[in-house]
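These protein sequence lines are chains A and B, in that order. If you're matching positions, the first sequence starts at 1 in this note's numbering and goes up one per residue. If you're matching positions, the second sequence starts at 1 in this note's numbering and goes up one per residue.
Be aware that one or more of the hints could be misleading.
If chains are identical, the list can't say which one is meant, so a pair holds when it fits in one copy or spans any two.
Stated by the list, open to error - In silico lysine to any residue, SDA-like type, Cα no more than 25 Å apart, as pairs:
id, residue 1, residue 2
1, LYS272, ARG115
2, LYS222, THR75
3, LYS379, SER91
4, LYS272, THR141
5, LYS379, SER200
6, LYS189, ARG23
7, LYS359, TRP92
8, LYS359, LEU139
9, LYS379, VAL167
10, LYS359, GLN82
11, LYS272, SER93
12, LYS359, ILE161
13, LYS189, HIS212
14, LYS272, GLN82
15, LYS189, PRO4
16, LYS359, SER93
17, LYS379, PRO185
18, LYS359, ARG90
19, LYS189, ASP204
20, LYS359, ILE86
21, LYS189, GLN207
22, LYS68, ILE161
23, LYS68, ARG42
24, LYS359, GLN83
25, LYS379, THR12
26, LYS359, ILE89
27, LYS359, PRO64
In short, the hints are calculated from the structure, not lab data. The structure displayed is predicted, hence computed values, not measured ones.
Protein chains: 2
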Amino acid sequence: MSNPPLRGFTQTEFEARTERAQRMMRALEVDAILLTTEPHVRYFSGFLTQFWQSPTRPWFLLLPLSGKPIAVIPTIGVAGMQQTWIDDIRSWSSPQPQDDGVSLLLSTIRELPGRFGRLGMTLGMESYLRMPANDYRLLATELADMELVDCAEPMLNLCSIKSSAEVEKIRYICELTSDSFIALPGFAKTGQSEREILRSMRIDLLQRGADHTPYIVSASGKDGYGDIIMGPGDRPLEDGDIMIIDTGTVYDGYYCDFDRNYAFGYASDKAKQAYTTVFHSTEAGLVAARPGATTTDVWQAMWSVLEAGGARGNDVGRMGHGLGAQLTEWPSLTASDHTTLEPGMVITLEPGMEFAAGKLMVHEENILITENGADLLSKRAAAELSVIT
Amino acid sequence: MSNPPLRGFTQTEFEARTERAQRMMRALEVDAILLTTEPHVRYFSGFLTQFWQSPTRPWFLLLPLSGKPIAVIPTIGVAGMQQTWIDDIRSWSSPQPQDDGVSLLLSTIRELPGRFGRLGMTLGMESYLRMPANDYRLLATELADMELVDCAEPMLNLCSIKSSAEVEKIRYICELTSDSFIALPGFAKTGQSEREILRSMRIDLLQRGADHTPYIVSASGKDGYGDIIMGPGDRPLEDGDIMIIDTGTVYDGYYCDFDRNYAFGYASDKAKQAYTTVFHSTEAGLVAARPGATTTDVWQAMWSVLEAGGARGNDVGRMGHGLGAQLTEWPSLTASDHTTLEPGMVITLEPGMEFAAGKLMVHEENILITENGADLLSKRAAAELSVIT
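Chain A extracted, bound-state conformation (with noise of 0.2 Å):
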């Protein structure tokens, strides 16, 4: 096991971000991009903090043009934004029902210098704003004479490019969860409940140094499951059964996102079967993930696998997708999305299928895009089928 990469970044870290986000806002015109979400804030700040967990207060962070961020935020932050390497932080004691920053926020913007009259905002793709939607209109009609634009699928973009600092992070946490994964078997046993076994992977996740896991389910049944975002459930497991867990765990603000299965007793040859096409499926998502290629590419390479193992469907809906600051990150590895991979991107893949009815199997590692290929971040599932005794 690596030892555990530093905490946080250097200076010169965001203030490349910024800057790369500044390049973009040329390119689109805006005067400034204001940002509402906890990956967004962090991004450009620095700004690691639990307390996103209350939604009461919103946040709120100014990109201008140039110079650094200015944060608009809540006066509990501010001791905490004050550690971070941003100069400019506004405070308002909130929760304030009748205005709750947002004449703050408005004089804020107000203050930044107008070259093409427009403010960047997350309004599209895979966005929402961490506003009442009350205040966001109010924000349209009082900036009567600045366009809101559309800044959601630039921002998904430029967050897509992992920097090496970022990836280290990711690489450290995927590694850590490969090892507990591999443990597992030493602590599940027939007998116990899917609950049972993902808290003592909970406790042996932190006690290998992960920060928190804010994601893990399991599912299963006999020789497979039928759903994977709903457990973990409290039936004890029975010999035959086949067990899935997924886990989102986390270090320093970056996430893994990958699962594993387990037949407990012994594997049926159809579980056997199934488990052998997802994963060989999962390798041809290896060879095709290179940068050029698009997520399309690769899920193409990944469902005509997957197609000729027998597949009947895959309700998961895409087959892989960005991951980093968040659980789940753009793009997706869906027939439809078409992203042209590139360096730096992590991404997961994520084979599933249906190969009886009701019955799933699904795979999934994490990788980062080089410029020679796929650099698996996560430790490779076993080839075949591991079978708890």
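Using the hints provided, position chain B relative to the given structure of chain A.
Same frame as chain A, now just chain B:
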């Protein structure tokens, strides 16, 4: 320690929640309410999954004027939603950037009987729409014959009164977390970092039966701390340090949210005095928190004690709040909130003050408002500052 409450809720509970909402809807004269966030979808459907960690796909739940809620969700969630009491489940294969469920949502809304010509959405206070703002605008345009009406505050109000089944889950996680705080001096020592101690506490909470700990932060410093949302830090604790730990830990989707303070080695008179002041402030809150009193009455009762004890100020913005399905919920205990407390509300009492330059002392307890006043859900903090030696 009590036995863990049964997981989930009876169908009767979901029927009662829906009927309460429908009464509210008739009063508000809306034909339906569109919900988009995890706590709201879960409240009316029982759909409990960690999958909301993935920000990619929108999820919709429509409350009609009569009958059960209608789910409009990505295919990946159908198998899970079928396990709930919801019958009408409509789905699309997501992600699908060109139309991520919006046309399906629109056609579903148009099928509903139109009595008032008004659609409720959470647009105002403490709300956000977990869907792209452009799709919200598209809804408004396409539903030009319907008025979109803000239901944020009535929804906050509705969810603030907890059922006895909800209270039992909160009480359980409060008890379990209280026991972990009581045990903490057994596993925390001078020389360890906050991060090490919080990792041990996460493990202890899991071993006691908590599901997970989405929120656990700490801060520390000589005599007091300067912030309460940014930790844990990596500095080794020294004798004379005061450390606060604040956690939102979860059982079956319900949170506790309270903190405890510890001195390492010894506590200075100044720190002990601040602790005593804040302890007595909480006592005043416990007396003041009765049905018919307002959040502001309770705030005033607590603030008077802090002021008399030499408080310089409070950057938190409030001294308590609702909790339950989320770490923090409406209402807020502030000087201007004026919400009347009602039986069934679960709130935190969270008096805090700056007692010397950059030195905070914050206490927190969780209570249920009953006909007879405050019912403590957390085990009351010690009257004197615990010293870890």
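> Tell me, which hint numbers fail for this structure?
Replying inline: 1, 3, 4, 6, 8, 11, 12, 14, 25 and 27
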